[in-house]
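Novice: One-letter residues, chain by chain:
Number of protein chains: 2
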Amino acid sequence: MNFQTKLNTTIKKNNSLLCIGLDPEIEKLPKHLLKKADPVFEFNKSIIDKTEDLVCTYKPNIAFYEAYGLTGLASLKKTIDYIHSKYKEIPIILDAKRADIGNTAKMYAKAVFEYWNVDSITLNPYLGFDAIEPFLEYKNKGIIVLCRTSNPSASNFQDLKINGKKLFVKVAEEVIKWNKKYRNCLIVIGSTWPEEMKIIRRMAEDMFFLVPGTGTQGGDLKKTLESGLTKDKSGLIINVSRGIIYASNRKDFAEKARQKAIEIRDEINKYR
Amino acid sequence: MNFQTKLNTTIKKNNSLLCIGLDPEIEKLPKHLLKKADPVFEFNKSIIDKTEDLVCTYKPNIAFYEAYGLTGLASLKKTIDYIHSKYKEIPIILDAKRADIGNTAKMYAKAVFEYWNVDSITLNPYLGFDAIEPFLEYKNKGIIVLCRTSNPSASNFQDLKINGKKLFVKVAEEVIKWNKKYRNCLIVIGSTWPEEMKIIRRMAEDMFFLVPGTGTQGGDLKKTLESGLTKDKSGLIINVSRGIIYASNRKDFAEKARQKAIEIRDEINKYR
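The listed protein sequences derive, respectively, from chains A and B. For the first sequence, position 243 (counting from the first letter as 1) is numbered 243 according to this note's numbering, and the numbering increases by one without interruption. For the second sequence, position 76 (counting from the first letter as 1) is numbered 76 according to this note's numbering, and the numbering increases by one without interruption.
The set of hints was computed from the structure by calculation and includes no laboratory data. These numbers come from a predicted model, not from an experiment. Glycine is no exception: its CB is placed at the ideal position from the N, C-alpha and C atoms. Hints may contain errors.
To be verified - Straight line, CA to CA, 27 Å or less: simulated DSSO-like cross-link-like pairs of lysine-lysine:
1) LYS110(A) - LYS181(B)
2) LYS165(A) - LYS161(B)
3) LYS88(B) - LYS45(A)
4) LYS139(A) - LYS233(A)
5) LYS88(A) - LYS78(A)
6) LYS31(A) - LYS106(B)
7) LYS77(B) - LYS110(A)
8) LYS139(A) - LYS13(A)
9) LYS88(B) - LYS198(B)
10) LYS78(B) - LYS78(A)
11) LYS78(B) - LYS198(A)
What the hints assert, rightly or not - Away from chain A, derived, C-beta distances all over 12 Å, residues of chain B:
12) ASP95
13) VAL112
14) GLU133
15) LYS139
16) ASN151
17) ARG183
Said to hold, decoys possible - Residues from chain B that keep clear of chain A, each with C-beta distances beyond 10 Å, as calculated:
18) LYS36
19) ASN103
20) ASP252
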């Protein structure tokens, strides 16, 4: 099943636009898990089992695994395989923000879609089309291009004006073009920038946006939904990571994460 | 020893500005290596042992290892450890073109400098300063920021004009500012763009440039050296990957790679 079909199926089934970011940090895990053979996987598994009926997708960020070397990366692989085997309909986004020249981009695409075996990937546009093309050619996959990121320094380059148009708007124009041909593109736009989101929504009425920045980073849910929803009250994948997975660091962590996920899913739905 | 000291020491010792890109593809390796337990490591080891007196640095691109999953990444770790233990003075650049928001960038910096344990890393500037800062804080390491990449689509965004200045020039201006504070920055500029290199050299008289694009990608060595050398005939790290490591795919591959490396090192030195 292709990414967008899986995504739409799960959005409907779970009545949810919530994406949970699986970004484990050893220091923040509940102490009792540290005695297990693979604490990171046990943590993810518990969170997943308690939230699988509340999300539209899961998004592990590979940095949080790579920081623990091959052991951490093995936990990532186990997590991805676990979701695929137990919750077949839930798509997985690997947040890796990749970009390299064509020859190398092919190797990254192979890594992402053949080895890690995820449904979707985040990419950085700075190198231009030929760094994205090898990913686009996996037509069943979701190709999510950074446009306006959620961090404070996003404006350093993304707001520079080219003939009156900001760089992030020029990037969105290109991604929209690529999407016309390949039909598998999405756009990243942080919930910390609702005005910018409005601009991109006017340009791309039907495309999905991946929206980080809600929760710890301070993005406003109401404004995000008002700025970014499509006419059919969808089109947004609202990611929350720390705000859910670290709701508690005790034995009740998964249950507390579930409560927080219900709360956020319901708040999102209030504005749909 | 910090990155720039190691780099300058090895440049002098080997009289070389050549960087060899260690980008192994299983399909291109000599057949006899495929019988070994770790063909990728054996390949790298042979190339390194035959070229260690000809280079100023080695640059593995992590994509070529990640494509083979945990096995490939284990070969990368072995390669890095091998260089550090046997050729202590040769610095290693990990080509990974990372970038993420601050909280995540910290995890990438930890991965790169504490787990992979390399001397230097390539980064993508699109997210702005706070995505680079966690790396800059490792003051002994080399922080190499993409400015003008070697690929044909580089012009898609990097050439967009902001008040008459191209984006890659705006990026270079920022990196030069960061370098004033942290003293550990370098700039990527492809040898396929000698005119652009001249512009950046005028802006950054003493900074090191990492220069991909020579060899298979068609960058011209003479023009590159004329455009990019500093006044003391240094300041460039000229990377060649495929053009050297695949000089032969038979039992003589390492010897042929050595011959090719001598040829390129000497050609570079002709213009210094």
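Novice: Please go over all the hints and tell whether each is borne out by the structure.
Specialist: Quick rundown of the hints versus the structure:
| no. | hint | in the structure |
| --- | --- | --- |
| 1 | LYS110(A) - LYS181(B) | violated, 39 Å |
| 2 | LYS165(A) - LYS161(B) | holds, 11 Å |
| 3 | LYS88(B) - LYS45(A) | violated, 42 Å |
| 4 | LYS139(A) - LYS233(A) | holds, 25 Å |
| 5 | LYS88(A) - LYS78(A) | holds, 15 Å |
| 6 | LYS31(A) - LYS106(B) | holds, 22 Å |
| 7 | LYS77(B) - LYS110(A) | holds, 20 Å |
| 8 | LYS139(A) - LYS13(A) | holds, 24 Å |
| 9 | LYS88(B) - LYS198(B) | violated, 33 Å |
| 10 | LYS78(B) - LYS78(A) | holds, 23 Å |
| 11 | LYS78(B) - LYS198(A) | violated, 49 Å |
| 12 | ASP95 | violated, 8 Å |
| 13 | VAL112 | violated, 8 Å |
| 14 | GLU133 | violated, 8 Å |
| 15 | LYS139 | holds, 20 Å |
| 16 | ASN151 | violated, 4 Å |
| 17 | ARG183 | holds, 20 Å |
| 18 | LYS36 | holds, 20 Å |
| 19 | ASN103 | violated, 8 Å |
| 20 | ASP252 | holds, 25 Å |
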